[in-house]
Amino acid sequence: MSSATTAGESIIEVNGITKTFGGVVANKNISLNVRKGGITGLIGPNGSGKTTLFNSIVGYHPIDGGSIKFSGEEISKFRVQEIARLGLMRTFQQTRIYGKMNCVENMLISVPHRKLGFWDMFASRDKETLERADRMLEFVGLYEKRWLLAGDLSFGQQKLLEFAMALMNEPTVLMLDEPTAGINPTLINGLIDRLKRANEEFGITLFVIEHNMRVIMNLAEHIYCLAHGEMLAEGKPEEIQNDQRVIDAYLGAH
Amino acid sequence: MNSIMNSPVAKFALYATILALGILLPMWFPNYTGQMTVMWMMVVFALTWDILGGQMGYNSLGNIFFFGAGMYATGMVQVGMFYDLAEYNSAAGGGIFNFTFSQYFTGMAAGFVVAAIVCVILAVILGRLVFGLRGPYFAIGTLAIATVVGELVSTWELVGGGQGMSMPNYPGDLGEAKFVFYSMMFVLAICTFAFLRWLYGSRFGLAINAIRDDEEKAEGMGIHTLRYKTVAWSIAAFFLGIAGAIYGNFNNFFEPIDVAFPTTTFGIFMVLMVLLGGKGTLWGPVIGAILFHVIKEVTWTYLLNLQWVALGLLIVVTVVYFQEGIMGWIMRKKPTWFGIRVEGEKQRLGDMR
Ligand SMILES: Nc1ncnc2c1ncn2[C@@H]1O[C@H](COP(=O)(O)OP(=O)(O)OP(=O)(O)O)[C@@H](O)[C@H]1O
Ligand SMILES: [Mg+2]
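Chains as they are written, first to last, in our numbering: chain L, 1011 to 1264; chain W, 619 to 971.
Note that these hints are calculated values from the structure, not bench results.
Think of the CB as a built atom: it goes at the ideal place given N, C-alpha and C, for glycine as much as any other residue.
Be aware that a few hints might be false.
To be verified - Per the computed footprint, the stretches of chain W lying under chain L, defined by three or more beta-carbons under 8 Å from a beta-carbon of chain L, are:
no. : stretch
1   : 715-727
2   : 821-835
To be verified - Straight line, CA to CA, 16 Å or less: simulated EDC-like cross-link-like pairs of lysine to aspartate or glutamate:
no. : chain 1 : residue 1 : chain 2 : residue 2
3   : W       : K847      : L       : E1240
4   : L       : K1038     : L       : E1092
5   : L       : K1110     : L       : D1074
6   : L       : K1038     : L       : E1240
7   : L       : K1087     : L       : D1074
8   : L       : K1110     : W       : D791
9   : L       : K1087     : L       : E1023
10  : W       : K952      : W       : E942
11  : L       : K1110     : W       : E915
12  : L       : K1110     : W       : E833
13  : L       : K1046     : L       : E1240
14  : L       : K1110     : L       : D1130
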């Protein structure tokens, strides 16, 4: 295990990364740190480059330049699967689940694959994993729906399932791309509570993109704000909330 | 509520009936033993095609490659173990090369083992090339492999080139030979089915289904996708290689284009049979294969030259109007038979998938 965890130890260190698509500069010289064990937020207007930044970190596409470190290891050249197996997991903004499989099956195949060797491919369904799947589904409130095909769930329920699948994977860091989008407003408080519990009880570091200001202010201890692909501001929730540049960016002063 | 298909009594009765029919039919109708041998081969074709095509979402048009590879592998071993292959083939099976009973069967045993191993190795190597391709590109890429290899083998004189190769004659009565090859193919079909039934119930089944539903998500979750894909193809190659090895002996002769690498007949039939029976299900390929083969055998000779038109029509109708296939249709109409739950019910983890 790692040495003494200081309050400020970073688990993700992004340094000066740039990503362009043709002529579009989606991320320009972005640097940030995600504190180990904490909840970090990422906000910014539509198209400001938040998802692109997530994609870069998890190895979804090659970056044009800069460095990405996870637990001190340079991962900017790693492929998606390798990064996932290191324990750095993300959920998708356009929720992605295995639609033709039921919820339990979705969970069973989301076990942490870093632990699996060749012959584990043929493992039968063990009781322990099944129980863990049930517990996680219970945790996100999908237990009653567990035998339904994932593709038949509502969008919000799929979002919850994707969250449960990520937890099943026992990640060190979980990056969530708009976890509350499409969730019934009356259920949002419950979800915030679950995110916090995932952080506190399971010890998972969270890095969350969120449009809902109330949610992110309530959840994150440190927030980064992107605009036009550049880092506009960072700070504690109160600081961000009162930052004139952030307010301008959100009020559409593009 | 227990689903009909999950009731142990019903299952036992079903398996027992199939086994009994498999053994009794060639005794009752000895004149049709050949057709029935091919029927079980069709079952192996459909079952193995569905591993990738149905369960994993990769439509391969080149699986027939392994059928031919297995045939050639066993042919070379069975002859090469006892005679000079080049001499044997230049004499084009002129009846001067005889195999004793023990030569015949030891050669065959060795040939089948080599065929299976060679096909698995080929699948692993080719997998590295084709699994970078997606969707239609994968289909075309795999088809290209089977077609190109067929052409290449046509120019390979050591194995008889385009003339093909005669296999050693069965050292005994021809009626007995028929029954021997029938039994081999029947056992192969049963083994393939039993193996896949187990496989789909393991983590492997879930993983390849996940790849089918959303491969990018599967990668994002850390699943060793290339490993699963390669092993899936190797399993198909293993059973197809043995099927080819049996068929080469059953047919007593093979050549590259029409017998060993028949992309336009068996190669297409395997896809069609799976679509007809219902892809991504365990029983669909079995039902599709048997139905297709029986219909084909009954009608083929009466259609004169229209059989290809009929086949084309069947493809179009299945692909355009009946994509779910027979099993898919039944599962949609009677989901509870298969333990598929609609809103709110409880279920034991289904063994019927
Ligand atoms: N694969 C791609 N190809 C081309 N352009 C892209 C691609 N992905 C993102 N972009 C562009 O990069 C910019 C940033 O997009 P991104 O999805 O990162 O924004 P975002 O901050 O996540 O927005 P939202 O809040 O709407 O999700 C946009 O202009 C987008 O059009
Ligand atoms: Mg986004």
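To see whether the hints hold, each was checked on the structure:
1. Under the rule that three or more residues need a Cβ within less than 8 Å of chain L, the assignment of the stretch 715-727 of chain W is violated, with 0 such residues.
2. Residue count for the stretch 821-835 of chain W with a Cβ under 8 Å from a Cβ of chain L: 11. That meets the three needed, and the coverage hint holds.
3. Simply put, K847(W) and E1240(L) have alpha-carbon atoms about 40 Å apart, too far for the 16 Å limit, and the pair is violated.
4. With a C-alpha separation of about 25 Å, the suggested pairing of K1038(L) with E1092(L) is violated against the 16 Å cut-off.
5. A hinted pair counts as satisfied when its Cα atoms are at most 16 Å apart, and K1110(L) with D1074(L) does not qualify at roughly 37 Å.
6. With a C-alpha separation of about 5 Å, the suggested pairing of K1038(L) with E1240(L) holds against the 16 Å cut-off.
7. Taken as a hint, the K1087(L) and D1074(L) pair is honoured in the structure, with Cα atoms around 11 Å apart against an allowance of 16 Å.
8. In summary, the hint linking K1110(L) to D791(W) is not supported, as the alpha carbons are separated by about 52 Å, beyond the 16 Å threshold.
9. With a CA separation close to 15 Å, the supplied pair K1087(L) and E1023(L) stays within the 16 Å bound.
10. Using a Cα cut-off of 16 Å, the hinted pair K952(W) and E942(W) holds, with the two alpha carbons roughly 14 Å apart.
11. Between K1110(L) and E915(W), the direct Cα distance comes to roughly 35 Å. Violation of the 16 Å bound is thereby established for this hinted pair.
12. Restraint check for K1110(L) and E833(W): satisfied, since their Cα atoms lie roughly 13 Å apart, inside the 16 Å limit.
13. Among the hinted pairs, K1046(L) with E1240(L) is inconsistent with the structure: their alpha-carbon atoms are about 24 Å apart, more than 16 Å.
14. At roughly 23 Å between alpha-carbon atoms, K1110(L) and D1130(L) are farther apart than 16 Å, so this suggested pair is violated.
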